[in-house]
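Here is what each chain is made of, one letter per residue.
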Amino acid sequence: NAGVMQNPRHLVRRRGQEARLRCSPMKGHSHVYWYRQLPEEGLKFMVYLQKENIIDESGMPKERFSAEFPKEGPSILRIQQVVRGDSAAYFCASSPGNNQETQYFGPGTRLLVL
Amino acid sequence: LAKTTQPISMDSYEGQEVNITCSHNNIATNDYITWYQQFPSQGPRFIIQGYKTKVTNEVASLFIPADRKSSTLSLPRVSLSDTAVYYCLVGVFNDMRFGAGTRLTVKP
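One line per chain: the protein sequences are A and B, in this order.
The numbering used here numbers the first residue of the first sequence as -11 and each following residue consecutively.
The numbering used here numbers the first residue of the second sequence as 5 and each following residue consecutively.
Everything labelled a hint here was simulated from the structure, so no lab data went into it.
Some clues are possibly wrong.
Quick list of in silico lysine-lysine cross-link-like pairs, DSSO-like style, CA-CA up to 27 Å [what the hints assert, rightly or not]:
#1 K59(A) with K15(A)
#2 K39(A) with K50(A)
#3 K73(B) with K50(A)
#4 K7(B) with K56(B)
#5 K32(A) with K73(B)
#6 K73(B) with K56(B)
#7 K73(B) with K58(B)
#8 K58(B) with K50(A)
#9 K50(A) with K15(A)
Heads up, incomplete: computed chain A residues facing chain B, CB under 7 Å, no partners named [claimed, not checked]:
#10 P27
#11 G30
#12 L31
#13 F53
#14 A76
#15 T90
#16 F93
#17 P95
As the structure is a prediction and not an experimental result, all values here were calculated from the model.
Ideal placement from N, C-alpha and C gives every residue a C-beta, glycine not left out.
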């Protein structure tokens, strides 16, 4: 039973480019969460999605960041016009969603903005 | 949101039992308590979850007093490989927030 998959594992972008991070939840999971982690800091919640719905995006920056979880395919976290401050590890987690509180995390995508 | 407070860091030695306590004074009735472990450059890994009293699995035990305003993660006989950051989370499935965690260092 494959766990949460994220790709790419490492992503390098120049300032002003776009970054697309993908997350495939565990089989049977319909809820996806995105977190950002700066070096030596804890994870910061960004957004919580179900299939085709954004449930809670209270942690998302107001500009340049967007997320989706389409009916088919992985969840995508999109960062437009990246800046150096976007450099971080981005983790995706999934859960079954039926009042199951356990979130299972992927290995993360490390974004470096030059 | 139920805020959690944990020690920033702890040191221990191999073979000792380690107890990490988390305070969550405004925990809500429906909230569960969940602990995660994170190694450098990896995603958090689920350790244990509970609602009240005591929960035990092959990795750890979780003690929750009757008022549920705190919880204690107990790691029996730690080894060097248990050096990691441990996070205590409180909430229902769509409302959990990670704090800074407790950085546990196990020494030989």
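Consistency of the hints with the structure:
Using a Cα cut-off of 27 Å, the hinted pair K59(A) and K15(A) holds, with the two alpha carbons roughly 14 Å apart. Restraint check for K39(A) and K50(A): the C-alpha separation of about 22 Å stays at or below 27 Å, so the hint holds. Distance restraint check for K73(B) and K50(A): the Cα-Cα separation of roughly 34 Å exceeds the 27 Å cut-off, and the hinted pair is therefore not satisfied. Distance hint between K7(B) and K56(B) is fulfilled; the C-alpha atoms sit about 18 Å from each other, no more than 27 Å.
A distance of roughly 23 Å separates the Cα atoms of K32(A) and K73(B); the hinted pair therefore holds under the 27 Å criterion. Simply put, K73(B) and K56(B) have alpha-carbon atoms about 10 Å apart, close enough for the 27 Å limit, and the pair holds. Proximity of K73(B) to K58(B) is assessed by CA-CA distance (about 14 Å); at most 27 Å being required, the pair is judged to hold. Under the criterion of a C-alpha separation no larger than 27 Å, the hint pairing K58(B) with K50(A) is inconsistent with the structure, at around 41 Å.
Only pairs whose Cα atoms come within 27 Å are accepted, and K50(A) paired with K15(A) is rejected, the gap being roughly 31 Å. Hint status for P27(A): violated, given a least beta-carbon distance of 10 Å to chain B, over 7 Å. For G30(A), the interface hint holds, the least distance from its beta-carbon to any beta-carbon of chain B being 5 Å, beneath 7 Å. With a cut of 7 Å, the hint placing L31(A) at the interface with chain B holds, because the nearest CB-to-CB distance is about 4 Å.
The interface hint given for F53(A) is broken, as the beta carbon of that residue sits about 18 Å from the closest beta carbon of chain B, more than 7 Å. Checking A76(A) against chain B by beta carbon gives a least distance of about 13 Å; that is not within 7 Å, so the hint is violated. With a least beta-carbon distance of about 5 Å to chain B, the hint placing T90(A) at the interface is held under the 7 Å criterion. Residue-level restraint check for F93(A) holds (minimum Cβ-Cβ distance to chain B is 3 Å; threshold 7 Å).
The interface hint given for P95(A) is met, as the beta carbon of that residue sits about 5 Å from the closest beta carbon of chain B, less than 7 Å.
Checked against the numbered hints above, the structure breaks hints 3, 8, 9, 10, 13, 14 and satisfies the rest.
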